[in-house]
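Just so you know, the protein sequences line up as chains A and B, in that order. Residue numbering for the first sequence follows this note's numbering, beginning at 1 and increasing consecutively. Residue numbering for the second sequence follows this note's numbering, beginning at 1 and increasing consecutively.
Keep in mind the hints are simulated off the structure, nothing from the lab. All values derive from a computational prediction rather than experimental measurement. Mixed in with the good hints there might be a few duds.
[What the hints assert, rightly or not] With the Cβ distance kept under 7 Å, some of the chain B side facing chain A (calculated, not the full set):
| # | residue |
| --- | --- |
| 1 | T64 |
| 2 | G123 |
| 3 | G142 |
| 4 | D163 |
| 5 | S164 |
| 6 | H165 |
| 7 | R166 |
| 8 | S168 |
| 9 | V178 |
| 10 | A201 |
[Claimed, not checked] Computed footprint of chain B on chain A; a stretch qualifies when at least three of its residues, placed anywhere within it, have a C-beta under 8 Å from a C-beta of chain B:
| # | region |
| --- | --- |
| 11 | 45–53 |
| 12 | 119–125 |
| 13 | 141–150 |
| 14 | 163–171 |
| 15 | 175–184 |
Even glycine gets a Cβ: it sits at the ideal position worked out from N, Cα and C.
The lines below spell out each chain.
There are 2 protein chains.
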Amino acid sequence: MHVLVPFAADRPKTRLDPVLSSAERSAFASAMLCDVLEAIFAAGHEPVVLSTAPPEDPTDKLQTVLSDARTIVDDRPLTDAVNARLDEVPIAVVMSDLPLVTPTVLRRFLEVDGDVAIAPGRGGGTNALVVRDADFSVDYHGTSYLDHLRIAQGIGASVREFDSHRLSTDVDEPADLVEVLSLSDGLARAWLERAGFELDATDGRVGVRRE
Amino acid sequence: MHVLVPFAADRPKTRLDPVLSSAERSAFASAMLCDVLEAIFAAGHEPVVLSTAPPEDPTDKLQTVLSDARTIVDDRPLTDAVNARLDEVPIAVVMSDLPLVTPTVLRRFLEVDGDVAIAPGRGGGTNALVVRDADFSVDYHGTSYLDHLRIAQGIGASVREFDSHRLSTDVDEPADLVEVLSLSDGLARAWLERAGFELDATDGRVGVRRE
Numbered sequence: 001m002h003v004l005v006p007f008a009a010d011r012p013k014t015r016l017d018p019v020l021s022s023a024e025r026s027a028f029a030s031a032m033l034c035d036v037l038e039a040i041f042a043a044g045h046e047p048v049v050l051s052t053a054p055p056e057d058p059t060d061k062l063q064t065v066l067s068d069a070r071t072i073v074d075d076r077p078l079t080d081a082v083n084a085r086l087d088e089v090p091i092a093v094v095m096s097d098l099p100l101v102t103p104t105v106l107r108r109f110l111e112v113d114g115d116v117a118i119a120p121g122r123g124g125g126t127n128a129l130v131v132r133d134a135d136f137s138v139d140y141h142g143t144s145y146l147d148h149l150r151i152a153q154g155i156g157a158s159v160r161e162f163d164s165h166r167l168s169t170d171v172d173e174p175a176d177l178v179e180v181l182s183l184s185d186g187l188a189r190a191w192l193e194r195a196g197f198e199l200d201a202t203d204g205r206v207g208v209r210r211e
Numbered sequence: 001m002h003v004l005v006p007f008a009a010d011r012p013k014t015r016l017d018p019v020l021s022s023a024e025r026s027a028f029a030s031a032m033l034c035d036v037l038e039a040i041f042a043a044g045h046e047p048v049v050l051s052t053a054p055p056e057d058p059t060d061k062l063q064t065v066l067s068d069a070r071t072i073v074d075d076r077p078l079t080d081a082v083n084a085r086l087d088e089v090p091i092a093v094v095m096s097d098l099p100l101v102t103p104t105v106l107r108r109f110l111e112v113d114g115d116v117a118i119a120p121g122r123g124g125g126t127n128a129l130v131v132r133d134a135d136f137s138v139d140y141h142g143t144s145y146l147d148h149l150r151i152a153q154g155i156g157a158s159v160r161e162f163d164s165h166r167l168s169t170d171v172d173e174p175a176d177l178v179e180v181l182s183l184s185d186g187l188a189r190a191w192l193e194r195a196g197f198e199l200d201a202t203d204g205r206v207g208v209r210r211e
């Protein structure tokens, strides 16, 4: 199956600003994108990167991975850019900031039946979608999980919720780095460790600290 | 299977202090406990409430649910109270603040094989466990998910990770209420709605507001 992977190439991951510089946020976002693309390849599917701009100054690793994946540049807002590409079903949409994803989880997700399959993201979002009904459209603004249930209902499409911590975990804020250091074994985790991050449980609750 | 459900009857859910009064936190914690107990019953298993104290002034609903479940009072710290009861395997431990849990998810979890099955919680924790090796012991302090992997490895026990957003979502902080209002259809959600909470996406990111 084709799997669209939206990627905000300009100013990625601004909410990590308290702990990462702008250049670091770009590098970390690239590492997460690589993890997602490699998991899609390993699951036997075809990633299509849907990027707001050509990746600026990509790492060698990202260049290698991107050389195997199709890349489309579309600078419109996420919802419009995705909706323009939902007419050839089945198709999946998997966010690029899901570094906990594994080939096994992706394979299971992409095989779930239903006209629409949704992996909710923490905070009311939609982290991954499979669309098998060409009348479906996305709306990523706000409470998109509930909005997608309503849109599916409105066109009489069946919906399956896919319950996965790994797919629900998009990395937006410093607290999310705990998940990467606990559960990932990919490039995003390696990047964080090289940058000096480690888990910190000194006050009883788990956070991250940087050396 | 017996399913231990640890419950902190005194001063529950202190991190919800910014949005709920002390009495409200108790009532909300009771609603979440009811949701978890009912899901365990509906999954065909036997909950055993492991409470730090006899529930104070329980709601009618909680009294009804508790009348069907065994309750043990043990005021020791969580780790000690659970370890004292891990010798009769198989046994499961499921936290009481997981209001997204459904009978289907629980049934799948309790059937996962492995000497130890773990559903990681967000933030490095351990939200649910199945123990089939009586040599295993818990340590809930800090990065308990990683600690439990190490403890299992130390006794040569096989481990299975169970990947579930519903089991990974323990409700500790105001931001977690978004998950309850988005994905629960149980008593905890009904309690929040009666208390005037609703989803709020006015600034683009999803939070909760109270009328």
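Hint-by-hint comparison with the structure:
Hint status for T64 (chain B) relative to chain A: violated, with the closest Cβ pair at about 28 Å, above 7 Å. Given hint, G123 (chain B) at the interface with chain A, holds; its Cβ is 5 Å from that chain's nearest Cβ, closer than 7 Å. Interface hint status for G142 (chain B): upheld, as the beta-carbon distance to the closest one in chain A is roughly 3 Å, under 7 Å. Interface restraint check: D163 (chain B) against chain A, minimum CB-CB distance 5 Å, threshold 7 Å, status holds.
About 5 Å separates the beta-carbon of S164 (chain B) from the nearest beta-carbon of chain A, less than 7 Å, and the hint is met. A distance limit of 7 Å between C-beta atoms decides the matter here; for H165 (chain B) the minimum to chain A is near 4 Å, and the interface restraint holds. The criterion of a C-beta within 7 Å of any C-beta in chain A is met by R166 (chain B), whose closest approach is roughly 5 Å, and the hint holds. Interface hint status for S168 (chain B): upheld, as the beta-carbon distance to the closest one in chain A is roughly 4 Å, under 7 Å.
Because the beta carbon of V178 (chain B) sits about 5 Å from the nearest beta carbon in chain A, less than 7 Å, this interface hint is met. Interface restraint check: A201 (chain B) against chain A, minimum CB-CB distance 3 Å, threshold 7 Å, status holds. Coverage of the region 45–53 of chain A by chain B is violated [criterion: at least 3 residues with CB-CB distance below 8 Å; count 0]. Only residues whose beta carbon comes within less than 8 Å of a beta carbon in chain B count, and the region 119–125 of chain A has 6; three or more means the coverage holds.
Evaluation of the coverage hint for the region 141–150 of chain A: fulfilled, as 5 residues show C-beta separations to chain B shorter than 8 Å, against a requirement of three. Look at the region 163–171 of chain A against chain B: 7 of its residues bring a Cβ nearer than 8 Å to a Cβ of that chain, three or more, so the hint holds. With 5 residues carrying a beta carbon less than 8 Å from a beta carbon of chain B, the region 175–184 of chain A meets the three-residue requirement, and the given coverage holds.
In the structure shown, a violation is registered for the earlier hints numbered 1, 11, in ascending order.
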